[in-house]
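Q: Just so you know, this note's numbering puts 199 at position 199 of the sequence shown, and the rest follows in order with no gaps.
There's no promise every hint is true.
Listed below are the simulated DMTMM-like cross-link pairs for lysine to aspartate or glutamate, each with C-alpha atoms no more than 20 Å apart in a straight line [unchecked claim]:
no., residue 1, residue 2
1, Lys89, Asp39
2, Lys89, Glu66
3, Lys244, Asp215
4, Lys244, Asp164
5, Lys89, Asp36
6, Lys89, Asp42
7, Lys89, Glu26
Taking CB as the label site, the calculated pair distances span [unchecked claim]:
no., residue 1, residue 2, range
8, Gly190, Asp70, 25 to 35 Å
9, Pro134, Gly190, 26 to 36 Å
10, Val155, Met1, 46 to 56 Å
11, Val135, Glu159, 17 to 27 Å
12, Asp164, Met1, 44 to 54 Å
Honestly, the hints are just simulated from the structure, not real lab data. Treat the numbers as computed from the prediction; the structure is a model and nothing was measured. Cβ coordinates follow ideal geometry from the N, Cα and C atoms, glycine included.
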Amino acid sequence: MPETDAEFATRLAVQAGEVLVQLRSEMFAAGASIWDVRDSGDAAAQHFLASELLTHRPHDAVLSEEGLEDPRRYDADRVWIIDPLDGTKEYGEQGRHDWAVHIALWEHTAFGAAAVSLPAVNMVFSTDPAPPMPVLERDRPRMVTSRTRAPYAAVLIAEGLGCDAVRLGSAGAKAMAVVMGEADIYVHDGGMYQWDSAAPAAVAMAAGFHASRLDGSPLVYNDRDPWLPDFFVCRPELTEGVLKAMWG
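Generate coordinates for the entire structure from the input sequences, incorporating the hints supplied.
A: Shown next as structure tokens:
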């Protein structure tokens, strides 16, 4: 039987991750610099995914961080939005696990399928079957945010909801921390690209979590401009409190 879109997305996320794990191990063993490891990882994952998409979904358009612009996407009903290596910086640091592979299918106005893999810990999350939502057992919400900056929105939410805060690398790793129950809120207000959040948002929403722009408006993908100013994911019961903390 042919693969469903969700099966295809999941396989690509897993296999691209396997390519990246092996490449990283071999390059560090050979004494490669972190810069070469990062560049090689981006290139290898992009090459693998581009080849698979061309072979198995040749009529679909692609929007990729590492690929050339595909003008077919402007009028296409099916667009794969991919980040071959989300968290390139973390990938280049030995021992770090907070990097990911993002595969999402945007069908006209909604997600058709998506998967996010965390290759360093051998985990993958898909829209079908969607991961179950963990039971919330903490007294204080836990918010995950950037390793390198404290978004203003995160400060407002932490103060408004009395959050504990943790820091991680890639957007995919942070969003999946919420999906796994390791955190309850992930907020980003410094701008990102569509490929940074598409697959994580799709997986989170499939699992029953809230994902939207910071003002609560829906996330819309495949705009001509790939820039997406802001984004947050949280447990559904925290959505109202998050929005109130930001906007009063």
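Q: For every hint, state whether the structure bears it out.
A: Results for each hint:
Under the criterion of a C-alpha separation no larger than 20 Å, the hint pairing Lys89 with Asp39 is consistent with the structure, at around 10 Å. For the hint pairing Lys89 with Glu66, the CA-to-CA distance comes to about 15 Å; that is within 20 Å, so the pair holds. Straight-line distance between C-alpha atoms of Lys244 and Asp215 comes to about 10 Å, which keeps the hinted pair within the 20 Å bound. Restraint check for Lys244 and Asp164: satisfied, since their Cα atoms lie roughly 18 Å apart, inside the 20 Å limit.
As the CA atoms of Lys89 and Asp36 are separated by approximately 11 Å, the hinted pair is consistent with the 20 Å bound. Restraint check: the Cα-Cα separation between Lys89 and Asp42 comes to about 11 Å, which is no more than 20 Å; the hinted pair holds. Between the alpha carbons of Lys89 and Glu26 the distance comes to roughly 18 Å, so the proposed pair stays at or under 20 Å and holds. Gly190 and Asp70 have their C-beta atoms about 26 Å apart, which keeps the hinted 25 to 35 Å range intact.
Between Pro134 and Gly190 the beta carbon distance is about 27 Å. The supplied range of 26 to 36 Å therefore holds. Between Val155 and Met1 the Cβ separation comes to about 50 Å, which falls inside the hinted range of 46 to 56 Å. Taking 17 to 27 Å as the suggested C-beta distance range, the pair Val135 and Glu159 conforms, at roughly 26 Å. Checked against the hint of 44 to 54 Å, the pair Asp164 and Met1 passes, with Cβ atoms roughly 46 Å apart.
Checked against the numbered hints given earlier, the structure satisfies every one of them.
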